[in-house]
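Model the full structure from these sequences, guided by the hints.
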Amino acid sequence: MTLIAKLSKRYASKQMNGKKLPQNKVDNILEAIRLAPTSMGLQPFKILVVESQEIKNKIFETAAPGQPQIPNASQVLIFACYRKVTDEILDTYFDLINKTRPMLAKEKVIAYRNMMNGLLNKTADENFQWAARQAYIALGFGLTAAAEQEVDSVPIEGYNPEALDKLLNLHERNLGSVCMFAIGFRNEETDYNARLPKVRKSTLDLFEFL
Numbered sequence: 500m501t502l503i504a505k506l507s508k509r510y511a512s513k514q515m516n517g518k519k520l521p522q523n524k525v526d527n528i529l530e531a532i533r534l535a536p537t538s539m540g541l542q543p544f545k546i547l548v549v550e551s552q553e554i555k556n557k558i559f560e561t562a563a564p565g566q567p568q569i570p571n572a573s574q575v576l577i578f579a580c581y582r583k584v585t586d587e588i589l590d591t592y593f594d595l596i597n598k599t600r601p602m603l604a605k606e607k608v609i610a611y612r613n614m615m616n617g618l619l620n621k622t623a624d625e626n627f628q629w630a631a632r633q634a635y636i637a638l639g640f641g642l643t644a645a646a647e648q649e650v651d652s653v654p655i656e657g658y659n660p661e662a663l664d665k666l667l668n669l670h671e672r673n674l675g676s677v678c679m680f681a682i683g684f685r686n687e688e689t690d691y692n693a694r695l696p697k698v699r700k701s702t703l704d705l706f707e708f709l
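My numbering numbers the first residue of the sequence shown as 500 and each following residue consecutively.
Read the hints as simulated data drawn from the structure, not as lab findings. Ideal Cβ positions, reconstructed from N, Cα and C, are used throughout, including at glycine. Don't take every hint at face value.
As the list claims (entries may be wrong) - The list that follows gives simulated cross-link-like pairs (lysine to aspartate or glutamate, EDC-like), each with its CA atoms no further than 16 Å apart: (1) Lys545 x Asp664; (2) Lys505 x Glu647; (3) Lys508 x Glu647; (4) Lys519 x Glu649; (5) Lys513 x Glu687; (6) Lys545 x Glu671; (7) Lys508 x Glu649; (8) Lys583 x Asp624; (9) Lys605 x Asp594; (10) Lys518 x Glu688; (11) Lys583 x Glu671; (12) Lys518 x Glu550; (13) Lys519 x Glu553; (14) Lys519 x Glu550; (15) Lys607 x Asp594; (16) Lys508 x Glu687; (17) Lys524 x Glu550; (18) Lys518 x Glu649; (19) Lys583 x Glu625; (20) Lys518 x Glu687; (21) Lys524 x Glu649; (22) Lys605 x Asp590; (23) Lys621 x Asp586; (24) Lys513 x Glu656; (25) Lys545 x Glu530; (26) Lys505 x Glu649; (27) Lys665 x Glu560; (28) Lys524 x Glu647; (29) Lys557 x Asp664; (30) Lys513 x Glu688; (31) Lys557 x Glu661.
Claimed, not checked - Label pairs and their computed distance ranges (CB to CB): (32) Leu703 x Gln552: 39 to 49 Å; (33) Thr585 x Gly565: 30 to 40 Å; (34) Gly617 x Ser507: 38 to 48 Å; (35) Gln552 x Asp594: 33 to 43 Å; (36) Val698 x Lys583: 32 to 42 Å; (37) Thr591 x Gln552: 31 to 41 Å.
Printed below as a string of structure tokens:
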């Protein structure tokens with residue numbers, strides 16, 4: 500089956516059955532997220548992979564009571580972005596660049612760092628909103644990988660970010676959640692969305708060729 504065929508079959512799973520995914524499928528989804536492009540390659544976020552049933556239950560109870568997928572998902576991925584880009588974050592990134600690309604001329608690395616230093620002059624809100632846009636790129640890769648792996652999934656924005664951040668102590672880590680991503684197996688009996696046709700604009704309505 501082609502990727503387009505698998506994307507045509509994917510949908511936002513509203514009910515999951517609690518069964519665990521094979522680890523290789525989870526690993527492939529996580530690797531796709533890791534390999535996703537981000538602005539300047541910084542990856543200004545952390546992905547919290549929630550496997551603990553206790554934590555999933557607490558998230559459902561305190562931050563997302565309207566999302567029954569959460570306690571019954573195999574894993575819930577939380578995309579948590581930097582609230583403020585710091586010197587320490589950039590230092591760590593450039594240590595990785597120097598380790599991974601030792602062949603780069605030192606002056607090019609310095610010039611790149613000087614350019615990225617502009618992030619330090621942004622406000623925390625500007626940093627956070629920029630980081631959130633990068634996280635959504637990675638989320639898109641995760642959704643695509645889940646479809647390719649024939650794993651049921653759903654992106655989740657309908658939750659209380661402050662409650663979730665407090666539950667997971669994200670503020671203390673200079674992080675704030677922007678979305679969640681539940682993966683698992685659909686509940687064939689209760690997931691009404693699985694039986695509904697996909698609603699999408701036509702090619703003619705969506706694309707404008709100039």
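Q) What are the numbers of the hints that this structure violates, sorted from low to high? A) Of the numbered hints, all hold.
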